[in-house]
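Peer 1: The task is simple: from the sequences and hints, build the whole structure.
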Amino acid sequence: MDSEPLKILIADDNDSDRMILQAIVRKQGHEVVTARDGVDAIEKFKTTVPKIVLMDALMPRMDGFEAARLIKQLAGEELVPIIFLTSLTDAESLAKCLDAGGDDFLSKPYNRIILQAKINAFNRMRVMHRTLQSQRDQIAENNDHLLQEQQVAKTVFDNVAHLGCLNAKNIKHLLSPLSVFNGDVLLACQKPSGGMHVFLGDFTGHGLPAAIGAMPIAEIFYGMTNKGFAMTDVLREVNQKLKQILPVGFFCCACMIDMSFARGDVEVWIGGLPEAVLYRADGELIKIQSNHLPLGVLAANRFTTETYKYEMSPGDRFFMWSDGIIEARNVNGEMFGEDRLYQVYDDQKISSKLFSSIKQEVHNFIGEGERDDDLTMVEVEMVSEDEVGMGSGGHLAKSALIGPVNWALCYELRGQTLKDFNPLPLLLHIIMEVPGLRLFSGQVYTILAELTSNALEHGVLRLDSGLKSSPEGFTKYYALRAQRLEQLEKQWVRISIDHLPEGLGGLLSIKVVDSGDGFDYSNFKQAKMNNNRYSGRGIPLLTTLCRHFEYVGTGNTVEAEFAWQPEKQ
Amino acid sequence: MSITTSKSADGSVLTIRIQGRFDFSSHQEFRDSYENNDSVKEYLIDMKDTTYLDSSALGMLLLLRDFAGGDHANVSISNCNSDVKKILTISNFEQLFVIQ
Numbered sequence: 001m002d003s004e005p006l007k008i009l010i011a012d013d014n015d016s017d018r019m020i021l022q023a024i025v026r027k028q029g030h031e032v033v034t035a036r037d038g039v040d041a042i043e044k045f046k047t048t049v050p051k052i053v054l055m056d057a058l059m060p061r062m063d064g065f066e067a068a069r070l071i072k073q074l075a076g077e078e079l080v081p082i083i084f085l086t087s088l089t090d091a092e093s094l095a096k097c098l099d100a101g102g103d104d105f106l107s108k109p110y111n112r113i114i115l116q117a118k119i120n121a122f123n124r125m126r127v128m129h130r131t132l133q134s135q136r137d138q139i140a141e142n143n144d145h146l147l148q149e150q151q152v153a154k155t156v157f158d159n160v161a162h163l164g165c166l167n168a169k170n171i172k173h174l175l176s177p178l179s180v181f182n183g184d185v186l187l188a189c190q191k192p193s194g195g196m197h198v199f200l201g202d203f204t205g206h207g208l209p210a211a212i213g214a215m216p217i218a219e220i221f222y223g224m225t226n227k228g229f230a231m232t233d234v235l236r237e238v239n240q241k242l243k244q245i246l247p248v249g250f251f252c253c254a255c256m257i258d259m260s261f262a263r264g265d266v267e268v269w270i271g272g273l274p275e276a277v278l279y280r281a282d283g284e285l286i287k288i289q290s291n292h293l294p295l296g297v298l299a300a301n302r303f304t305t306e307t308y309k310y311e312m313s314p315g316d317r318f319f320m321w322s323d324g325i326i327e328a329r330n331v332n333g334e335m336f337g338e339d340r341l342y343q344v345y346d347d348q349k350i351s352s353k354l355f356s357s358i359k360q361e362v363h364n365f366i367g368e369g370e371r372d373d374d375l376t377m378v379e380v381e382m383v384s385e386d387e388v389g390m391g392s393g394g395h396l397a398k399s400a401l402i403g404p405v406n407w408a409l410c411y412e413l414r415g416q417t418l419k420d421f422n423p424l425p426l427l428l429h430i431i432m433e434v435p436g437l438r439l440f441s442g443q444v445y446t447i448l449a450e451l452t453s454n455a456l457e458h459g460v461l462r463l464d465s466g467l468k469s470s471p472e473g474f475t476k477y478y479a480l481r482a483q484r485l486e487q488l489e490k491q492w493v494r495i496s497i498d499h500l501p502e503g504l505g506g507l508l509s510i511k512v513v514d515s516g517d518g519f520d521y522s523n524f525k526q527a528k529m530n531n532n533r534y535s536g537r538g539i540p541l542l543t544t545l546c547r548h549f550e551y552v553g554t555g556n557t558v559e560a561e562f563a564w565q566p567e568k569q
Numbered sequence: 001m002s003i004t005t006s007k008s009a010d011g012s013v014l015t016i017r018i019q020g021r022f023d024f025s026s027h028q029e030f031r032d033s034y035e036n037n038d039s040v041k042e043y044l045i046d047m048k049d050t051t052y053l054d055s056s057a058l059g060m061l062l063l064l065r066d067f068a069g070g071d072h073a074n075v076s077i078s079n080c081n082s083d084v085k086k087i088l089t090i091s092n093f094e095q096l097f098v099i100q
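Chains C and A are the protein sequences, given in the same order. Residues 1 to 569, numbered by the working numbering, are exactly what the first sequence covers, in order. Residues 1 to 100, numbered by the working numbering, are exactly what the second sequence covers, in order.
Among the hints, erroneous ones may be present.
What the hints assert, rightly or not - Listed next, the in silico BS3-like pairs over lysine-lysine satisfying Cα-Cα at most 27 Å (straight line): (1) K511(C) - K86(A); (2) K309(C) - K85(A); (3) K86(A) - K309(C).
Hints in this document: simulated from the structure, not taken from any laboratory.
Peer 2: Written out as structure tokens, the structure is:
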């Protein structure tokens, strides 16, 4: 049969009974330990750790019932079957055996076949119990592990998708997570230029899959906003990232605003979320409807970033929310709906209390109803610039403040490198590391491009823009350009760039020197935009963009200064 | 950088789409895009995908304007990004072109 050898404790005060039983059990292949009474049984149990106990009910010093109780106690979670040996036959005494913690009883005289069957049966139970217990322990351990992992993941998640400046005085927000991780994303970050980006996103689904998508959004949002990227750049990047990582059918409905306190306006991009609301201090309510697909749906080349723009006065408020607000259900399964939402705006005359009123109304409406989506809502109020209290970037993440603002470089291009290599992307990349300067990347690029192409074409290659007076001249000009580029040997162009902090912005000085002979620049300041000619627009363009612009020396050196301040483009 | 063109069914409207940076390197390609198109009465320059414009590109736009009849030319520029628009504005090009 299935009986593996077991260690079995036999406790009986009657020597002959004990001997007989020992003989039977041993013959069945088990190892036997014997005890003469209850106290002895406890001792033997402690020292030999038997798997099954056969126990006489009535013994001197300590009877079987007491010994059984103590053995069960000592065994703890382990199942040690105890079978009572008894000559008693009345139901009450037999029941008492089981009440004391015994698992079964065996009447004297012993029937060896029944004894063997019972030992085997209890051994199976013992093994099953042990298996169950180890599985239970495994599950408990796994669960602990999972919770611990989630806790760590949540910490990482919270550090990445942190609240940014959501605690600013002009923001009120509500985030009610449905599980450990939230399917909604709410991010706010002050721009280096003093404005504010606020992003509300709602992923299809919630929990882990949504949280995974939220992490890159937060990374991109905070990273790019801190560096001074425009809202549309941030959105484009987020869309591309989500498109790349999310499986088809997963996407993120979102609304993002760029609020400028200095200009008093707001720019809004909205895709897939319920209409946002601009509520003016005088009671006017403007609904802003989604006009884009959610983020992560369209490929980068089809993604569009048209935005709405509104002027805002102090006290005007901008509201956005996830569909969890409008689709919140009460006990009867009805939805809160837009009508009830807009009713709050009609009823609540004190606009500073709107946010808490909406929150309260939704809460009351849900009542005992089940929450089936995340509820997320945010209000951003237009305030005067001083009231934001962080004009100098005090609330900015450290990483944004630590950027190179005070530096200079010199880059010289020689010979064939002038023909083969375009230094502009590299130089622009270095310049754009200055926090906040990125807003002006278009203008800085134009200045650099015009200065270097003038140095190359007119200085080094000695091309006369007078050639460009006819369509044929244009062609000749560029043919000559290509031809002379091939012959470059010792010629060079040296670009020196210098940036100094100035107030909240800075002063970018660019000096370009070339190996050419220069030119007579005594009249260049009179250069006007003359649109009757095909050339000569570079210099007027430069004088418009630069605070200071002049040729020096023989005319082979040009110096330009671009002064910039945040939000005063 | 690439330039693509398309014509309306009756051949009177030519749309020129400029992708990427519009600078001296596209001079020949740009010129080829509108020359030899006698039936064209109206020109649309679509700058939806134009990332940048330099001063020589401004000259090329003026070449097209003169080719299309100078002051009687019917040339419009559409879908400019803000950097491109700024350069067109500084150069007063809205007096010469319809900028949409």
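Peer 1: Check the hint pairing K511(C) with K86(A) against an upper bound of 27 Å on the C-alpha distance.
Peer 2: holds, 23 Å
Peer 1: Hinted pair, alpha-carbon criterion (27 Å max): K309(C), K85(A). Please report holds or violated.
Peer 2: With Cα atoms ~18 Å apart, K309(C) and K85(A) stay inside 27 Å; holds.
Peer 1: Assess, step by step, whether the Cα of K86(A) is no farther than 27 Å from the Cα of K309(C), and give holds or violated.
Peer 2: holds, 19 Å
In summary, this structure violates none of the numbered hints.
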